[in-house]
Amino acid sequence: MALNDVSVLLVEDDPVFRKIVASFLDSRGALVIEADDGEKGLARFRQQSFDIVLADLSMPNLGGLDMLREMYRLDPSLPSIVISGNNVMADVVEALRIGASDFLVKPVSDLYTIEQSIKQSLVGKTEQVKEFAELDELSRMELDEHLRLLEQSTEAARHLQHQLFPASSVVYPQAQIDYSLYRRDNISAYFIDSTMADSEHLLLYMAHFHPENNSAAFAGVMLRSFVNQKLKAMRNGLGTMVLEPFNMLCYLNERVVKSGLDITVDIIYIVVELKHYRAAIAQAGHGLRCYLRNEKGLSPLALPDALQLGVLDWGKPSTQFRTLLPGEKLCISTSEPEHKSMLLQDRFDGLAFEPDLASGGYVQVSF
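Each residue of the sequence shown is one higher than the one before, starting from 30 at the first, in the numbering used here.
It should be emphasised that the hints constitute simulated quantities derived from the structure, not laboratory data.
Check the hints yourself; a few may be wrong.
[What the hints assert, rightly or not] 30 Å max Cα-Cα, derived DSSO-like pairs, lysine-lysine:
#, residue 1, residue 2
1, K287, K148
2, K369, K358
3, K135, K69
4, K148, K135
5, K304, K358
6, K304, K345
7, K287, K325
8, K304, K287
9, K304, K325
10, K287, K358
11, K69, K148
12, K358, K325
13, K148, K304
14, K345, K369
15, K287, K135
16, K369, K325
17, K287, K369
18, K69, K48
Remember, it's a predicted structure, so these values are computed and weren't measured experimentally.
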């Protein structure tokens, strides 16, 4: 059978849906163990090994996201698939970031979709390098399902975007991210993201999507998903591209071109090695600028304009390496003078609706 002897841990608090999925997987030859909340799922996981975990994200006692974090701490190579409703997309994105292979959206009308997702996720057990080459393409189901929703509903796009953005300040063990992004309309065409790639490297990027419409919300999900794939590859010992801004922008351009979305992207992508405070910076497009900030103010870094991401006959990003001095901060900002003035005033509002301000904003990393 298609899933013969594949051991599956199914963690789902809805008893009807859980039994339907368990019965289907059993009929396809899988060996299914069930749990009805995150605590029981984690207990089962500690008792025996599984080929794959299927987990709902919204559960009592211990949510699916916290359960998966602990599972990945115990087994970083674990394949997993998360199941969610449209109202928890921020958790879905975080699950993909910490290692989930795929996600499914309730209601799952075709159970064979689950089987196909399991097959794709399990490639990594025997052919990890091939798996990550395939995962670079991303699931069309993952992309298309939400694109249709967001194109049809400005409210859905706005809701998703608000879930994606962090608070105005994000504190890491050796660094702090502060930002303001101002929008005049329901949707911001700008996006920022940051994460600790590992214990020694901080990753930060800011993007501006064109055209400025509902697709910008989805483009943020897509861009973060592309970066997450390379994060997962690094954490599984399959290369360090995510720490290489030049190569990452080349990769991201290829993915944006092949995504099927008719968008272009201005982006600045920064990786800081925190032991020696050495920054690697790459830029595509021309609408954003990178600055060093110290007690004298903002000093622009010499990064020549380059073609935006999403261009078929793309060239190369502009790059720079810089060792930061004590007290120096790195900033990315739009070119609006009022934004730079507000940055120097340390005005950090997160994502904010300001109809009287120019769209855009800035992000700062301090150490």
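We went through each hint and held it up to the structure:
1. A distance of roughly 23 Å separates the Cα atoms of K287 and K148; the hinted pair therefore holds under the 30 Å criterion.
2. For the hint pairing K369 with K358, the CA-to-CA distance comes to about 14 Å; that is within 30 Å, so the pair holds.
3. For the proposed pair K135 and K69, the alpha carbon gap of about 22 Å is at most 30 Å, so the pair holds.
4. A hinted pair counts as satisfied when its Cα atoms are at most 30 Å apart, and K148 with K135 qualifies at roughly 19 Å.
5. Between K304 and K358 the CA atoms are separated by roughly 15 Å; this keeps the pair inside 30 Å, and the hint holds.
6. With a CA separation close to 28 Å, the supplied pair K304 and K345 stays within the 30 Å bound.
7. Between the alpha carbons of K287 and K325 the distance comes to roughly 44 Å, so the proposed pair goes past 30 Å and is violated.
8. At roughly 37 Å between alpha-carbon atoms, K304 and K287 are farther apart than 30 Å, so this suggested pair is violated.
9. A hinted pair counts as satisfied when its Cα atoms are at most 30 Å apart, and K304 with K325 qualifies at roughly 25 Å.
10. Proximity of K287 to K358 is assessed by CA-CA distance (about 35 Å); at most 30 Å being required, the pair is judged violated.
11. Proximity of K69 to K148 is assessed by CA-CA distance (about 25 Å); at most 30 Å being required, the pair is judged to hold.
12. With a C-alpha separation of about 12 Å, the suggested pairing of K358 with K325 holds against the 30 Å cut-off.
13. Between K148 and K304 the CA atoms are separated by roughly 40 Å; this puts the pair beyond 30 Å, and the hint is violated.
14. Of the supplied pair hints, the one linking K345 and K369 holds, its CA atoms being roughly 27 Å apart against a limit of 30 Å.
15. Proximity of K287 to K135 is assessed by CA-CA distance (about 27 Å); at most 30 Å being required, the pair is judged to hold.
16. Between K369 and K325 the CA atoms are separated by roughly 14 Å; this keeps the pair inside 30 Å, and the hint holds.
17. Simply put, K287 and K369 have alpha-carbon atoms about 35 Å apart, too far for the 30 Å limit, and the pair is violated.
18. With a C-alpha separation of about 16 Å, the suggested pairing of K69 with K48 holds against the 30 Å cut-off.
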